[in-house]
Amino acid sequence: MSQHLCEIGYLSRSDGSSLYCIGGTVVLASVNGPGDVKASNRHYNRTQLDVCYSPSTGQSMIGERALESVISKTIEQAIIVHLHPRTAINVTLQEMQSDGLALSTSINAACLALLDAGVQMKSTFSAVTCCIASSGAIILEPTEAEIKESSAVVTFVFDGLEYNVLSAYQDGSLDSDTFNLCLIKCQLAAKDITAIFRKTIEDKHKFDKS
Amino acid sequence: MDSDITESLYIVLPGDQVLRFNPEENRDRIFIGPGLRWQDNVVRATKPGMLKKNGKNLYFVDTHQKRYIPQKREFVIGIVLKKKGDNYVIDIGGSEYATISYLSFENASKKTRKEMKPGDLIYGQLLVANKDMEPELVCIDVYNRAVGMGTLPGDGIMFTIPLHIARMVVDPQNPFLLMMGKQINYTVVVGFNGRVWIKARTQREKVAIMNAFTMLELMPLEEAVDSIPMFFSGFSVHLREDM
Amino acid sequence: MTSMEIWKIFEPDNYYKSFLEQNKRPDGRGLVDTRPITIKVGTVNTAEGSATVRIGHTAVMCGVKAELAKPALRKPNEGFIVPNVELYPCCSPKFKAGPPGEKAMEASQFIKNVIISSKMLNLEELCIKSNKLAWCLYCDVVCLNYDGNLLDAALVSFMAALQNVKLPEVTYDEETERIHVGLDRSIPVILKAKPVSTTFTLWSEEIQLIDPTAEDEDQGSGEVTVVLLEDGKMCTINKSGGQLITHETLDLFVRHGKEQIKKINDCIERALIEQMDAS
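Respectively, the protein sequence lines represent chains A, B and C.
Every letter in the first sequence is one number past the one before it in this note's numbering, and letter 111, counting from 1, is 111.
Every letter in the second sequence is one number past the one before it in this note's numbering, and letter 38, counting from 1, is 248.
Every letter in the third sequence is one number past the one before it in this note's numbering, and letter 106, counting from 1, is 559.
Isolated chain A, as found in the complex:
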């Protein structure tokens, strides 16, 4: 596994924020809400979730919008949306440095920022990316160069309870046995990420009397 580094409360004005870094990919996430929502997006029974992702270079194109859609559908399943009707939760993700792991880093950053903001969730979630090298070996959390050489890239998002699959996103073809092998490897890595989340939150509450 690459090195994971994170920091919460990075931005002072937003309700929750985090900086998450896996290897050479760094994403800054900011969460605002539950807050005001414009009338067209207002739902009588649930929170509207808006996710905005911007890449480190260039403009947000169709690829980034697709990424946004994957991220927002993942988050929507994790947060309890019916607790605050007629409100919106804004998740803004800014990639600061890019090394191929934009999706998994963004999702992990979003999870930490939501934890920092105290948004009510069913469980935490963590994302892991792996790729199949041309030799057939599975590389966890590859670099951009390794992804370019690989035959397939798979990203899984697991929940923090039973580590079941919340989202899966695959590029390139692979047979189902390899896929299952990837899933198991990523599942193990996801447990480590949840441990990182726990440590970060414990750190935030270090002044609480226990």
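Calculated directly from the structure, the hints in this document are not laboratory data.
Keep in mind it's a predicted model, so treat the numbers as computed, not measured.
There may be inaccurate statements among the hints.
Claimed, not checked - In the DSS-like style, the derived pairs of lysine-lysine whose C-alpha atoms are separated by at most 25 Å in a straight line are:
| id | chain 1 | residue 1 | chain 2 | residue 2 |
| --- | --- | --- | --- | --- |
| 1 | B | Lys262 | A | Lys204 |
| 2 | C | Lys686 | A | Lys185 |
| 3 | B | Lys293 | A | Lys38 |
| 4 | A | Lys122 | B | Lys293 |
| 5 | A | Lys204 | B | Lys263 |
| 6 | B | Lys262 | A | Lys206 |
| 7 | B | Lys262 | A | Lys199 |
Use these hints to put chains B and C onto chain A, whose structure you have.
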């Protein structure tokens, strides 16, 4: 066990199992407070934070968050935005604006109505706060007394602090505000929505008090309280000179 | 109005649930039955290749328009393929006019992913003259009637239309820089893989519905799309959010997906032969 004592158990993340509770099997009742939910006979956390329990079997999660979610009976500081019919629209930092009727003030009547300008600050209590309704404030208790509520004078200053700090300093057991009172003369109003209004004699004193509040975010309470005398040492000299 | 219709309006969840308890869906299908699929190719005369696909009430049309373009500087030996999915308000009241919505973008991106992941096209074959001239295939998928399972329908129509493409012969004279386009369209696009997608709607941990209708999608909590190649290899899996699924469920999806491969590809094959016979 003394029911007033709240014990801190451990840190939870959303989804963590707190305890199993089946109302048909378990005789003793438990209460679940904010940050917890009961589903399939399991109580799970929904917010990250310190799990706490008091003597009456009330479990809750103490979260550190900045966004205020209105709760009934809580005292908050609001900003008057505009007048709307018989009501004022007040920003209390939640997702929706709150309203207050011009009659919800002490000694207010149709003839002696309370006049407020946009930008005025008011300290009130939430009468209505639930997810499906607009929050409503009042500045009187059930006996029509103000008990400290009402508009705040214009010569103070308001700033925001995280919600858990606000909850912490209003605790009567908490020595923080009293300790500061020993050093300088000041007036303080703390709203549960994380807004603090202070009044002191000079601008410098106000800034010093604001900084003292920020101290709470960065160090444990004991350390913050201990450093207050040093923090205000410059001011106490002035106090004596004035006298 | 019949009592059933009233029930459906007032208690849509219970109405729907009562069907699932009997292992049926409101349209009479079982949980793992797909809807009938009809494919017609060559439906748009002005396009280089086209196909119309119906899956139950979902109707999707794909047209491939070929244009000559200059290759990109970075990849001078490659042509282009540009998939685009449009969801106009005429296919369902769910969609609004204006710039493409989230669902349309997701579908476009999905097809793009499939093209890249399956390596179905060698883009170098679309190049006529390195650094000078190449084909650019615009594949526009338009939904005519939306009743769920857009991704499957879009991919089938896209694959059928692509196999229907006939390009004219083009010669490029390097000295005079003149382009000569032949009159008859005869050159097909060679496909290296024929991916087939299968979509499931997740309703609960135990119940998943294959080939969902719009109603199934509304009632369910999310879709999983599994794309497989002819040999059963996994090409793309698309699960964004939705109910949690276990390892075993994923395996089950792949097994169902494998059954679909031959069925769909045969269907496209038959449609192509039919069209050839007719012309």
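Hints, one by one, checked against the model:
1. A C-alpha spacing of about 16 Å is found between Lys262(B) and Lys204(A), which places the hinted pair at or below 25 Å, so the restraint holds.
2. Only pairs whose Cα atoms come within 25 Å are accepted, and Lys686(C) paired with Lys185(A) is accepted, the gap being roughly 20 Å.
3. Restraint check for Lys293(B) and Lys38(A): the C-alpha separation of about 22 Å stays at or below 25 Å, so the hint holds.
4. For the proposed pair Lys122(A) and Lys293(B), the alpha carbon gap of about 40 Å is over 25 Å, so the pair is violated.
5. Only pairs whose Cα atoms come within 25 Å are accepted, and Lys204(A) paired with Lys263(B) is accepted, the gap being roughly 20 Å.
6. Between Lys262(B) and Lys206(A) the alpha-carbon distance is near 15 Å, which keeps this suggested pair within the 25 Å criterion.
7. Distance restraint check for Lys262(B) and Lys199(A): the Cα-Cα separation of roughly 19 Å lies within the 25 Å cut-off, and the hinted pair is therefore satisfied.
Of the numbered hints listed earlier, the single one contradicted by the structure is hint 4.
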